[in-house]
Amino acid sequence: MAKYLLLKHYRGAPAAVNDVAMDQWTPEEVSAHMQYMDDFAKRLEGTGEFVDGQALRPEGMWVRSDGEGRPPVTDGPFAETKDLIAGWMIIDVEDQDRAIELAGQLSAAPGAGGRPIHEWLEVRPVFGEPPTVTE
Amino acid sequence: MDRAVDEALLRTLTPTVIGILGRRGADFAAAEDAVQEALVEAVRVWPGDPPRDAKGWLVTVAWRKYLDAVRADTSRRRREVLVEEEPAPGPAEVVDDTLQLYFLCAHPSLSPASAVALTLRAVGGLTTRQIAQAYLVPEATMAQRISRAKRTVAGVRFDRHGDVGTVLRVLYLVFNEGYSGDVDLAAEAIRLTRQLAASTDSEEVAGLLALMLLHHARRPARTRTDGSLVPLAEQDRGRWDTTLIAEGVELLQAALARDRLGEFQAQAAIAALHADARTAEETDWVQIVEWYDELVRLTGSAVARLNRAVAVGEADGPRAGLAALAELDPALPRHTAVAAYLHERDGDPVTAARLYADAARSAPNVAERDHLVRQAARLNALLRG
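Going line by line, the protein sequences match chains Z and W. When you line the first sequence up against the numbering used here, it's residues 655 to 789, in that order. When you line the second sequence up against the numbering used here, it's residues -1 to 383, in that order.
Because the hints were derived from the structure by calculation, they are not lab data. In this text, a Cβ means the ideal position worked out from N, Cα and C, and glycines have one as well. Check before you lean on any hint, since a few could be wrong.
[As the list claims (entries may be wrong)] Label pairs and their computed distance ranges (CB to CB): (1) D47(W) with V717(Z): 50 to 58 Å; (2) A111(W) with T788(Z): 40 to 48 Å; (3) P347(W) with G666(Z): 49 to 57 Å; (4) P770(Z) with P106(W): 52 to 60 Å; (5) D274(W) with P770(Z): 46 to 54 Å; (6) R22(W) with T788(Z): 54 to 62 Å; (7) Q759(Z) with A111(W): 21 to 29 Å; (8) D693(Z) with A278(W): 39 to 47 Å.
[What the hints assert, rightly or not] Calculated lysine to any residue pairs in the SDA-like style (CA-CA distance at most 20 Å, straight line): (9) K696(Z) with L254(W); (10) K657(Z) with D737(Z); (11) K696(Z) with L320(W).
[As the list claims (entries may be wrong)] Computed far set for chain Z versus chain W, every beta-carbon distance over 10 Å: (12) W679; (13) A709; (14) P712.
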């Protein structure tokens, strides 16, 4: 098994096919979208492939240490141009093909007009653990 | 297994047994560990061999666990001396054991999160795993939080009363910020507050219990089957639990009659006025505004001022609500959502839609975010005609 991180972006990803801001959908379309996302996570729990997932609030900032005895330096909230992650899901799947298949399903969540959004999701393999047997 | 273990009974007995070990000279941390071990053993043994006297069984087993731990402890001598030096509690010092535990677990030296965890374990009798599941953190993390909390209160004397206000704030947190998991934290908070009310004579304890009952009564109407939120005005009031409401109102009236108003009584009074209205239109907003005035006077809380602005909007019209809102810091959580609502009531759907979308971006949780997005979507659909 291999773990993959699926990243959804508020900003910074290439434009989706059905690219309409959510507040321009109908309330029913919003509900259908939420339902699809819930069902997707539940289905992956059912297949034993779901690890974890969270949605992220859009605000935030950069932080770095400014040396001992000094408070950390902050920069933000994020600039409007910055790539912004909206949420993440970690899945534990057989191989990369399966990870891509699942990301494809997630990207097809319904949006405006009830049509799939076809949004771009970032798929990142997680480093694994070293095996016990090495030769 | 012959039968399932009566978990509710185990949990009710937990603080009593910790208290008994305490009176026999065990310090809090050791007593609490011993009782947790006894609970685990009860879950294992009771199904095949249920005891006739559950409390007696727990005391015996927990005390044995405690002695085992003391013997195993290298600092045994030190502890035994300590036990001997401790003055024997005379009749005058006998305070309700459970009540002492409430004060200890909500001690002001603890952070709110630690006080919540410790209260749920020592007073509520929940396992570390259950608490961890409820707050969506790993079990090892919760175990560390609890053991650090126990170290923090290690030096606190077991037999002293604190400020009941600190206990109430912890119980309110359990009720209001409890998440999901096997254990229903709202119900657990009510159980613990009920137990506290039975052993104290405080208007504010009664006020908090009333507040919890009145809010709990609305729970069946608060979410749709898909998990989305239903605002108060749109709730099916036929689904409110009238038994809980009646109990809450009765508790509140008795507390208010003693004329020592506090923040929880004031909040409960507002909840009771909502409960009293058969339809949203019948709500007595004028009286609600008066109670918010009391609440602001008592607490100075910014959240209370924000809610007051909503109430003013209903009592005196959206313009008055917006005027009240204008006096508040726009950075307050939910300020934008309230502004959106008042602008919609004021007949300005364009501004309202924009503000709902803004508010969704700063919503504190997914359920509220989704609700606000739907509100924006609803108005935008309307505007498109």
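*Taking the beta carbons of P770(Z) and P106(W), is their distance inside 52 to 60 Å?*
Holds: the Cβ-Cβ distance is about 54 Å, inside 52 to 60 Å.
*Does P712(Z) really sit off the interface, with its C-beta more than 10 Å from all C-beta atoms of chain W?*
violated (5 Å)
*Q759(Z) paired with A111(W), Cβ distance criterion 21 to 29 Å*: Check failed, 37 Å falls outside 21 to 29 Å.
*asked:* Verify the CB-CB distance for A111(W) and T788(Z) against the hinted window 40 to 48 Å.
replied: Because 43 Å falls inside the window, the suggested range holds.
*Would you mind confirming whether the straight-line C-alpha gap from K657(Z) to D737(Z) stays at or under 20 Å?*
violated (23 Å)
*asked:* For A709(Z), is the shortest CB-to-CB distance to chain W above 10 Å, so the non-interface label stands?
replied: violated (6 Å)
*Does K696(Z) pair with L320(W) here, judged by a C-alpha cut-off of 20 Å?*
Distance ~42 Å between K696(Z) and L320(W) Cα, so the pair is violated.
*asked:* Within 54 to 62 Å: is that where the Cβ-Cβ distance between R22(W) and T788(Z) falls?
replied: holds (56 Å)
*Is 39 to 47 Å a correct range for the gap between the Cβ atoms of D693(Z) and A278(W)?*
Roughly 33 Å apart at Cβ, these two residues miss the hinted range, so it is violated.
*Falls inside 50 to 58 Å, the C-beta gap from D47(W) to V717(Z)?*
Because 57 Å falls inside the window, the suggested range holds.
_Is the claim that W679(Z) lies outside the interface with chain W correct, judged by CB distances over 10 Å?_
Violated, because the least Cβ-Cβ distance between W679(Z) and chain W comes to about 5 Å, which does not exceed 10 Å.
_Pairwise beta carbon distance, D274(W) to P770(Z), judged against the given window 46 to 54 Å_ = Taking Cβ atoms as reference, D274(W) and P770(Z) lie about 48 Å apart, which means the hint holds.
In terms of the numbered hints stated before, the structure departs from hints 3, 7, 8, 9, 10, 11, 12, 13 and 14, listed from lowest to highest.
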